[in-house]
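Q: In order, the protein sequences belong to chains G and P.
Numbering-wise (my numbering), the first sequence opens with residue 1 and increments by one.
Numbering-wise (my numbering), the second sequence opens with residue 1 and increments by one.
Hints were generated in silico from the structure; no laboratory data involved.
Possibly wrong hints are sitting among the right ones.
The list cannot tell twin chains apart, which means a pair is met if one copy fits it or any two copies do.
Cross-link-like lysine to any residue pairs, in silico, SDA-like; alpha carbons within 25 Å at most [said to hold, decoys possible]: (1) K251 - R262; (2) K110 - I216; (3) K320 - E157; (4) K353 - P43; (5) K122 - F232; (6) K353 - E157.
There are 2 protein chains.
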Amino acid sequence: MKVHNFSAGPAILPRSVFEAASQACLDFNGSGLSILEISHRSPEFTTVMAEAESLTRELLNVDDDYAVLFLTGGASSQFFMVPLNLLNEEDKASYVNTGSWSTKAIKEAKAYGQISEVASSKDKNFNFIPKGFDIPQDSKYLHITSNNTIYGTAFSEFPETEVPLIADMSSDFLSRPVDVSRFDLIYAGAQKNLGPAGVTVVIVKKSIVGKVERQIPTMLNYQTHIDKGSMFNTPPVFPIFVSMLTMKWVKDNGGLEGMAKRNAAKAQLIYDEIDRNSLFTGTAEKEDRSLMNVTFVMTREGLDEAFLSLAKENNISGIKGHRSVGGFRASIYNAMAPESVQALVDIMQRFEKQYG
Amino acid sequence: MKVHNFSAGPAILPRSVFEAASQACLDFNGSGLSILEISHRSPEFTTVMAEAESLTRELLNVDDDYAVLFLTGGASSQFFMVPLNLLNEEDKASYVNTGSWSTKAIKEAKAYGQISEVASSKDKNFNFIPKGFDIPQDSKYLHITSNNTIYGTAFSEFPETEVPLIADMSSDFLSRPVDVSRFDLIYAGAQKNLGPAGVTVVIVKKSIVGKVERQIPTMLNYQTHIDKGSMFNTPPVFPIFVSMLTMKWVKDNGGLEGMAKRNAAKAQLIYDEIDRNSLFTGTAEKEDRSLMNVTFVMTREGLDEAFLSLAKENNISGIKGHRSVGGFRASIYNAMAPESVQALVDIMQRFEKQYG
Numbered sequence: 001m002k003v004h005n006f007s008a009g010p011a012i013l014p015r016s017v018f019e020a021a022s023q024a025c026l027d028f029n030g031s032g033l034s035i036l037e038i039s040h041r042s043p044e045f046t047t048v049m050a051e052a053e054s055l056t057r058e059l060l061n062v063d064d065d066y067a068v069l070f071l072t073g074g075a076s077s078q079f080f081m082v083p084l085n086l087l088n089e090e091d092k093a094s095y096v097n098t099g100s101w102s103t104k105a106i107k108e109a110k111a112y113g114q115i116s117e118v119a120s121s122k123d124k125n126f127n128f129i130p131k132g133f134d135i136p137q138d139s140k141y142l143h144i145t146s147n148n149t150i151y152g153t154a155f156s157e158f159p160e161t162e163v164p165l166i167a168d169m170s171s172d173f174l175s176r177p178v179d180v181s182r183f184d185l186i187y188a189g190a191q192k193n194l195g196p197a198g199v200t201v202v203i204v205k206k207s208i209v210g211k212v213e214r215q216i217p218t219m220l221n222y223q224t225h226i227d228k229g230s231m232f233n234t235p236p237v238f239p240i241f242v243s244m245l246t247m248k249w250v251k252d253n254g255g256l257e258g259m260a261k262r263n264a265a266k267a268q269l270i271y272d273e274i275d276r277n278s279l280f281t282g283t284a285e286k287e288d289r290s291l292m293n294v295t296f297v298m299t300r301e302g303l304d305e306a307f308l309s310l311a312k313e314n315n316i317s318g319i320k321g322h323r324s325v326g327g328f329r330a331s332i333y334n335a336m337a338p339e340s341v342q343a344l345v346d347i348m349q350r351f352e353k354q355y356g
Numbered sequence: 001m002k003v004h005n006f007s008a009g010p011a012i013l014p015r016s017v018f019e020a021a022s023q024a025c026l027d028f029n030g031s032g033l034s035i036l037e038i039s040h041r042s043p044e045f046t047t048v049m050a051e052a053e054s055l056t057r058e059l060l061n062v063d064d065d066y067a068v069l070f071l072t073g074g075a076s077s078q079f080f081m082v083p084l085n086l087l088n089e090e091d092k093a094s095y096v097n098t099g100s101w102s103t104k105a106i107k108e109a110k111a112y113g114q115i116s117e118v119a120s121s122k123d124k125n126f127n128f129i130p131k132g133f134d135i136p137q138d139s140k141y142l143h144i145t146s147n148n149t150i151y152g153t154a155f156s157e158f159p160e161t162e163v164p165l166i167a168d169m170s171s172d173f174l175s176r177p178v179d180v181s182r183f184d185l186i187y188a189g190a191q192k193n194l195g196p197a198g199v200t201v202v203i204v205k206k207s208i209v210g211k212v213e214r215q216i217p218t219m220l221n222y223q224t225h226i227d228k229g230s231m232f233n234t235p236p237v238f239p240i241f242v243s244m245l246t247m248k249w250v251k252d253n254g255g256l257e258g259m260a261k262r263n264a265a266k267a268q269l270i271y272d273e274i275d276r277n278s279l280f281t282g283t284a285e286k287e288d289r290s291l292m293n294v295t296f297v298m299t300r301e302g303l304d305e306a307f308l309s310l311a312k313e314n315n316i317s318g319i320k321g322h323r324s325v326g327g328f329r330a331s332i333y334n335a336m337a338p339e340s341v342q343a344l345v346d347i348m349q350r351f352e353k354q355y356g
């Protein structure tokens, strides 16, 4: 049974990655040991960790001014680790509020510095990306959420500013080329394009760490993980291994340029149908549409359940919308095949014929 | 090739668990989806999470006064989360220092309260468990490390005290029955007897949480995870799934009574040989010997490498001792078969015949 998995995250990964992960659970690289039982200090795993780091550097063109870390705690832990590590209490930082995750990042940051919400799309249920806002030049950084999983919006271009950028890229990491040199810090929970749940990548400019006065618990200090190569304590071995496999797949499939091209084509397929089909309408402003999370609602009342049933009958999974937006959400991450997007478009057309 | 995996952690898990984990990477419970791509909000995974919690409760006889949480960050994060959540700055807490992990726990705690090291075995390179020490009655809690992975010692009995106990049980969790009602909080990194690296179990008495004045980041507040059933953010799906599978295996193999019996027999096998064999000697005081991590050194100089080579030839892996103790360490967790311990005993005997 082929299931089309449109889940927002944890989400689809390449089939070849599932197969390699499955094999490694039984015998990792012919070692006679499972990947689940090998020591994180073994040469077998330190090689995996080194490869995960070097693939991240290669795919995103990350130079040695930056550390690449594999941590735990999710992006939710970065919401407080960023200001904890980078702001003294009197320091200012600016945040753009583009949805639930930005809102949480702002809330946690307020405990550590003087936080300004410099722009927000809250008044329109976060259906657009604010532009042309002022950024106080004394901000230590400007924090953005590059892609908003729930609301289906994304920064197609990052703000032009002299202030260092920090981005939560959880839901579009590795989906397109990014000029890392424009950022002081990028973080992403793995469970969209990178790997399974349980690891968070942090790309941080080394020179910005260690400048605050407060005492930071060892495990929460970026410097600890920079010094120890993400091995201060036992890292999440299997999630890192699967992330490494996924990055290899990205590399073998055209790198980030290849992903961007493929993702743009998939997004056009589904957005074109949404715009054409009389029964559906998109929720995000067209120019700010996410290429990862496609949010749309029914133009007529009372048909949602019927459409979800039709989806289920056709092995289309995970398209119920988040309660904050309602309707439907099709998450079409890197590993999603164009054929799966076409399968969704097909049932949208059949649904229109029946109910339109 | 059968490899005898004596690694200290990540460590051996049951073969049947590796097989079930491998299968779930391809198709989870006939869903057509990999366990690595299913939503943490799906009924498939919420069932796994519920089962992981209920198995923990059943195996350890944990009542409803306690929450059972599955977090990330390792035991190393509990070193600061415990005092952060439980101590006001003027509050006192007592710690027993039985090795590297206790030392780290004490260091992190000092940022949050008045910490006393009430007993230590540091003067003898942590080769024993202190007993008969005084515990200030105004301590909020007494913190112990129940088993010391590096030094091969363990509390065979927990301190008798009126003060609430808190224990880092990372390396002997699920290895023997424990009266949880004697503890306010128990934590354990999974990667010994519970599961693969990437998840940490916390069993916490609900009434002790929420009593401190300081502001706690949402992700670091036990109350957050109690309220959300460990699903405030995306949990480490696969490590929790494999931990659940391992707990099922423990239940099917006699529960904690069964594990304790099996572990005692394995430990006796190897310790008897250490005590008999003229070439080896144990490093821990006999009455404080760990049943999980068996530490021993050579009685003659210059033979370590030869023994490690013999081990390697016989597919015996992971017995090099930690640099703090030297020599050898055989970690014989729940899933280690008696036959593997016998394989190690066999080469110790052959080695004695050759060099003794």
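Q: Now tell me, hint by hint, if it's right for this structure.
A: Hints, verified against the model:
1. K251 - R262: The answer is within: 13 Å in one copy meets 25 Å, while 48 Å across copies does not.
2. K110 - I216: both (16 Å within a copy, 12 Å between copies)
3. K320 - E157: For K320 and E157, neither the intra-copy (28 Å) nor the inter-copy (53 Å) Cα distance is at most 25 Å.
4. K353 - P43: The answer is neither: 59 Å in one copy and 32 Å across copies each exceed 25 Å.
5. K122 - F232: For K122 and F232, only the inter-copy Cα distance (22 Å) is at most 25 Å; the intra-copy one is 40 Å.
6. K353 - E157: For K353 and E157, neither the intra-copy (38 Å) nor the inter-copy (73 Å) Cα distance is at most 25 Å.
In this structure, the earlier hints numbered 3, 4, 6 are contradicted, and the remaining ones agree with it.
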